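Asks: What follows is the residue order along each chain.
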Amino acid sequence: MADDMIRLEGLCKRFPGQHAPAVEGLSLRVPAGRIAVLVGPSGCGKTTTMRMVNRIIEPDTGRIYLDGQDVTARDADQLRRQIGYVIQQVGLFPHLTVAQNVSTVPRMLKWDKARTRRRVDEMLDLMGLDPARYRDRYPKALSGGERQRVGVARALCADPPVMLMDEPFGAIDPINRDRLQNEFLRLQAELRKTILFVTHDIDEAIKMGDRIAILRERSEVVQYDTPANILAAPADDFVRDFLGGRRTLRRLGLARLGPEELRPWPVVDQDGTPGAALEQLRAADVPAVLVADRTGRPVRWADATALERATSLRGIGHAVPGVRLHAPLADVLDALLAGQAPGVAVADGDGRHVGVVDLPALVQAAGRMHEPSDERSGGRGEVHS
Amino acid sequence: MTGPTFWEYVQQNQVKLWTLTQQHLVITLVALAVGAVVGIALGVLAYRVRQLRGGIIGTAGLILTIPSLALYALLVGLLGLGALPVVVALAMYSLLPIVRNTVAGLAGVSPAVVEAAQGQGMGSWRRLLRIQLPLAWPVILTGVRVSAVLIVGIAALGAIVNGPGLGVLILDGLRRVGSPVALNMALAGTLGVVLLGVALDLAFLGLGRFTISRGLRG
Ligand SMILES: Nc1ncnc2c1ncn2[C@@H]1O[C@H](COP(=O)(O)OP(=O)(O)OP(=O)(O)O)[C@@H](O)[C@H]1O
Ligand SMILES: [Mg+2]
Chain A
1 MADDMIRLEG LCKRFPGQHA PAVEGLSLRV PAGRIAVLVG PSGCGKTTTM RMVNRIIEPD
61 TGRIYLDGQD VTARDADQLR RQIGYVIQQV GLFPHLTVAQ NVSTVPRMLK WDKARTRRRV
121 DEMLDLMGLD PARYRDRYPK ALSGGERQRV GVARALCADP PVMLMDEPFG AIDPINRDRL
181 QNEFLRLQAE LRKTILFVTH DIDEAIKMGD RIAILRERSE VVQYDTPANI LAAPADDFVR
241 DFLGGRRTLR RLGLARLGPE ELRPWPVVDQ DGTPGAALEQ LRAADVPAVL VADRTGRPVR
301 WADATALERA TSLRGIGHAV PGVRLHAPLA DVLDALLAGQ APGVAVADGD GRHVGVVDLP
361 ALVQAAGRMH EPSDERSGGR GEVHS
Chain B
1 MTGPTFWEYV QQNQVKLWTL TQQHLVITLV ALAVGAVVGI ALGVLAYRVR QLRGGIIGTA
61 GLILTIPSLA LYALLVGLLG LGALPVVVAL AMYSLLPIVR NTVAGLAGVS PAVVEAAQGQ
121 GMGSWRRLLR IQLPLAWPVI LTGVRVSAVL IVGIAALGAI VNGPGLGVLI LDGLRRVGSP
181 VALNMALAGT LGVVLLGVAL DLAFLGLGRF TISRGLRG
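Protein sequence lines, in the order shown, are assigned to chains A and B.
Note that this note's numbering numbers the first sequence so that position 264 is 264, with each residue one more than the last.
Note that this note's numbering numbers the second sequence so that position 150 is 150, with each residue one more than the last.
Please note that the accuracy of each hint is not assured.
Facing chain A, a subset of chain B residues (Cβ under 10 Å, in silico) [said to hold, decoys possible]:
#1 Asn13
#2 Gln14
#3 Val114
#4 Gly123
#5 Leu174
#6 Val177
#7 Gly178
#8 Gly208
#9 Gly215
#10 Leu216
#11 Gly218
Computed footprint of chain B on chain A; a stretch qualifies when at least three of its residues, placed anywhere within it, have a C-beta under 8 Å from a C-beta of chain B [to be verified]:
#12 297-310
#13 335-344
#14 362-368
Because the hints were derived from the structure by calculation, they are not lab data.
Bear in mind that the values here come from a model prediction, so they are computed numbers and not experimental data.
All C-beta atoms, glycine included, are put in the ideal place defined by N, C-alpha and C.
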C-alpha cells in the first residue's frame, strides 16, 4: 500500500555467538499516522526490531522502507534525526539540562536559538511539564515519570514523522501511566505520527494501538490486527493465553456507545403530579420514569413505589447516572452498575438528553461486537477527543 | 660559626626560590598538559578498540617502573640536555593514571545514554565529545590530578639533565654536602615541591567545580 509509512520486509538478525537468531524474517507495515504496538514476552526481540528500524543494529538481511523509500543503506545519522526514538531505559543525558536534552536534535539541525527555545517550551508544555519550572533542571532532579516525559519530548522535538517508542511509560506507576497514555493519545490525535510502540503490557497495547502485532520468540508475528479484532478472534492459543481472561470485558472498553443502542424513555417534568407520572410509567411499561429539572435534563429516577408514596416529584427517587454518546461501553456498564438504576441517561456532545441505555440494550451491543470489523472506524481523533 | 638559619636562608634567597618554584610549576603543567592530551587520546583508543586495551594500559604501567635516572639517560641521548627531556619524561610518567581513568570513565557511562545519543542521530565523534567525554570527565580529572601530584615530585630530578625547577636546589645541596648551606638548600627545595604538590592537588579539586556539569555533582 502506498500510504504505509513504515514497511519492514524480511528482517533477520543473529547476534554473534548465538545460534538462534533474535529476529527472523520479520515483515510488518504501519500505515501513516497510526500507532502499531509490538507486544510479546520478554526477550522475544521487540527492542532488537526497533533498533533495526533506525539501524542502531544493522539487519543481516531484509529491507526497511520509510514512506516508500528504501532506507536500508541511507546515512544512518541523517536517518535517525527523522525518527524520534524513546529508548526503554529513557537515557537522558545527565550532564545536560532538561532544555538541552529536549533540544538535542534541533541543535544538531542548527535551528536558530529563538526557534529552538520556543520549541522546547512548547514540547515541555505538551508533556505537562511547566517550562519555567523544569527547563533548567538536571535529570537527577526529576522523578521517574518526569524523566520519561522529557524523553518523549526529546524524541518529538524536531517533529519527526516517525517515532519508535520502546516501553515509554514502563517506569511509571499505574495511575500516572494511565494519565500519560491519555495525554499521549490526545497529542497523537493532533500530531498524527506514525508510531512503532513496544510494550509487554497487553492492556497498554489495547489502549494505545490502532493495530497490535503479537510477537513470539524471534519476533515472529503471530497476529497483526486491530485490538478489537484480536480480542474478538485470537489467532491461536498463544494469543489467547497472552490476552488472558476477561476478553469480552476488555472489548467493552474499545466498543463505543452508538445511537442505535438508545431507547426512548418517559421523562416527566418535576412540577407535574406523581399520579400523572405513575400513569406514564404504566403506559410505557417501564420500571421507573425519569424526572427532569426545569431545563428538561433528567436528574432523578422514580419507580412505582416512590411515585405512589410521593406528594411532589421534587427530590424524589435516586440520582440519574449519565454518560455521553460514544463513551466506551465499559464506562456505560460501570455507570449502570454503580447507579443502581434501570438505565443510564445519555447526553449528546452538547449535553442534551438523547435517550436511555439499559442493561438489555448493553447486552445487545456487546453481542454486536462479535463480528470482526475491517478497521477501527476513524482515527484516534474522533475516538479520543 | 654555623650558617644562617633556614628562615634567614629563605629570606635572603626569596627571588631565586620564587623563580625556581615558578619554573617547577610551569614544567609540571606543560608536561601534564601533554600527558593529558596524549593520555586521554590513548584512553579513548583503548576504550574503543578492545584488542589494544591491555597493551596500552600495560605499556603506560611499564613506563612508571622505569627509574627516572634511566629514562633521562635515554632521553638525553635523543633530545639533549635542558627542559625538553624533562617535559617528555614527566609526560610519559603521567600517562598511566590518565589513560586508566579515561578508560574507566568511558566504561562507566551508561550504555542507555550512549544509545539514546546514537538514536537521536549523533555521529560517533559528536557522541564522544558531547556525551561520553563530558560524562567521563569527573573520573578523567581525578586521573589528571593523581598524575599532577605524581610528576611534581619526579620533576625535582630533572635537574640532573639541566632541567629547570626546585630540583636545582636539591641537587646543589647534594653537591655541597658538609657546607652549612647545603641542608637549607635541600630543605627549601623539598619543602617547595611538597607545597607545590598540595597546591596542585587543591587546584585540581577546585577545577572540578568549574568543569564538571552541575548535573553530575552532588
Ligand atoms: N547486543 C546483543 N548481543 C547479543 N544478544 C542480544 C543483544 N541484544 C539482544 N540480544 C538477545 O536477543 C534477544 C531479543 O532481545 P530484545 O532486547 O530484542 O528483547 P525484548 O523483546 O525487547 O525483551 P524485553 O521485553 O525484555 O525488553 C534476547 O534473547 C537477547 O538476549
Ligand atoms: Mg526490550
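Asks: Would you mind marking each hint as holding or not holding in the structure?
Replies: Structure-based check of all given hints:
no., hint, in the structure
1, Asn13, "violated, 47 Å"
2, Gln14, "violated, 45 Å"
3, Val114, "holds, 8 Å"
4, Gly123, "holds, 5 Å"
5, Leu174, "violated, 49 Å"
6, Val177, "violated, 54 Å"
7, Gly178, "violated, 58 Å"
8, Gly208, "violated, 13 Å"
9, Gly215, "holds, 3 Å"
10, Leu216, "holds, 5 Å"
11, Gly218, "holds, 9 Å"
12, 297-310, "violated (count 0)"
13, 335-344, "violated (count 0)"
14, 362-368, "violated (count 0)"
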